[in-house]
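There are 2 protein chains.
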Amino acid sequence: MEIKVLTIKEDILGANETKARENQDRLDKHGILTINIMSSPGAGKTSLILQTINRLKPETRVAVIEGDVASQVDAEKVHQQGVPIIQINIPGGCHLDANMIENALNNLPLEELDLLLIENVGNLICPAEFDLGEHKRVILASTPEGDDKPYKYPLMFTEADVVLVNKLDLMPHLDFQINHFCEGVTGLNPAVKIFPVSCKTGEGLEQWFSWLLDQIKEKKA
Amino acid sequence: MEIKVLTIKEDILGANETKARENQDRLDKHGILTINIMSSPGAGKTSLILQTINRLKPETRVAVIEGDVASQVDAEKVHQQGVPIIQINIPGGCHLDANMIENALNNLPLEELDLLLIENVGNLICPAEFDLGEHKRVILASTPEGDDKPYKYPLMFTEADVVLVNKLDLMPHLDFQINHFCEGVTGLNPAVKIFPVSCKTGEGLEQWFSWLLDQIKEKKA
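First to last, the protein sequences are chains A and B. The first sequence begins at 1 in my numbering and counts up one residue at a time. The second sequence begins at 1 in my numbering and counts up one residue at a time.
So here's chain A without its partners, still in its complex pose (with noise of 0.2 Å):
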C-alpha cells in the first residue's frame, strides 16, 4: 500500500508542477512579484504581511492571499488594510497547492497589482513541498521556537530564498543563539538572505522592505 502511495504524491506533484508553471507565466505577464510566506504556526507572517502593506502602499499597489485550515482572523486583520484579500480555509489541509492559487487569482484585479503576497498555512514541513508558482519563497522563524529548527526541518530552509528572523525582541529572555541558527540555514543554503527582525518594534524590518522594492522594480523592468 505504501509504494501505491508514493506513486499517487508524484503524480500531485507532478500536475501541481505543471499548474505552478501555469501560475507563474500569468503573474509574470502582469509583472505581479509574488512571495510565498511560509513558517510555523505563530511565528509572525500576519504581523509581516501588515507591517509590509503598510510601508509599501500607495506607492506599490498590493494583495494577499491567506491560507488557513480555519477561521479568518488573518483574513479580517488584513481586509481591515484595504487591500484585495482572498481567503483560502482548507478543513483538514497542511498546506496551499497551485491549483488553490489558481482560483484565488481568477478572483483578483491582477491588471491593479505590483505586489502578490501569499501566507501559507502555518507548517514548517508540507508547504515546501509545493511550488505555487511563487517567484521568492520566505520563511519566517521566530526566536521562541529555538535556534534548532534548520536542523530539524531542513527542507523549508534550503529553499528559501529570505529567512526572517522574527521576535528579536524577545531574545533577552530566550535561551536563542543566533550564531547556531545562522550557521544552520547557511549550511543548507548558502545563498540564502537572513534578516534578523521584529515585526512587533519594526527593529531590521527596513532591510526586508529593501530587497522587497529592489525585487518588485526587477520584475517591472
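If you are wondering where the hints come from, they were derived from the structure by calculation, not from laboratory data. Just so you know, not all the hints are guaranteed correct.
From the structure, some residues in chain B lie toward chain A, with a derived Cβ separation under 7 Å [as the list claims (entries may be wrong)]:
no.	residue
1	Leu124
2	Ile125
3	Asp214
Please read these numbers as outputs of a predicted model, since none were measured by experiment. By construction, the Cβ of each residue, glycine as well, lies at the ideal position given by its N, Cα and C atoms.
Here the structure of chain A is known, so what remains is to put chain B in place on it, guided by the hints.
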C-alpha cells in the same frame, strides 16, 4: 485524480487505525501508560519530557520515542537522562503513524516500563489524524505562538485530553490573552484539562505531574 487520493488516504487511515489498536492492546498487556505529545515546532515538547523524566524517575520507569523529520538533537538530550529512547526520523514525513510505533515497541524493554512518552513531529495539523495506539493525547501550546491557535487549528485541540500552555514566563512580554485561548479550547472540547506551565521555571508543572501519576496508577490498577 483528487478522488483517487482521498480513497487511498482512507485506506491508509483505516489500516493505521487497525495497527493503532494492536499497539494499544500490547501496551495495555504490559500496563504501560502511553502519551502522544503534539505541538508546533519549538513549543517545548523536549523540555516537557526532560522535566517529566526528572520528576518521575526512578519510581516511574519511563521510555521515550522521538519523532523528527531530521536530526537527533532532541533524542540526544533525552538519552543523557539514562532512559530507553528510540529515535524515528521521517525524511519528507510530517507525522508519526502506528506502524512506526510498532517498530519502536519491538525495540523497547516493554516488561520494564510504566510510562511511554511519544514526542510527535512538530506540526499542529497532520499528527492529529493518526492514532498511534496512545492512551492520552497531550497538546503543548506556547504563549509566543499567540492565543488564536485553537481557532485556527481546531482538530488538534478537539481531540486532546490535556492542553499544556507553555512559556508562561514570557507572558509579561507578549499580548497573549489566556482567557481567549482557554475559551477557544473549551469551546471545541469542554472536557479537556488545561494546565498553564513554564518548562523553564517549573511553574505549574506539579499539576501536570499529579495528573500523570494518577493516570499511571489507574493503568496499573
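Quick check on the hint: Ile125 (chain B) CB to chain A CB, less than 7 Å?
holds (4 Å)
Going by Cβ atoms only, is Asp214 (chain B) closer than 7 Å to chain A?
Violated. Min distance 30 Å.
Can the hint on Leu124 (chain B) be confirmed by a CB-to-CB distance to chain A that is less than 7 Å?
holds (5 Å)
The earlier numbered hint that this structure contradicts is number 3, and it is the only one.
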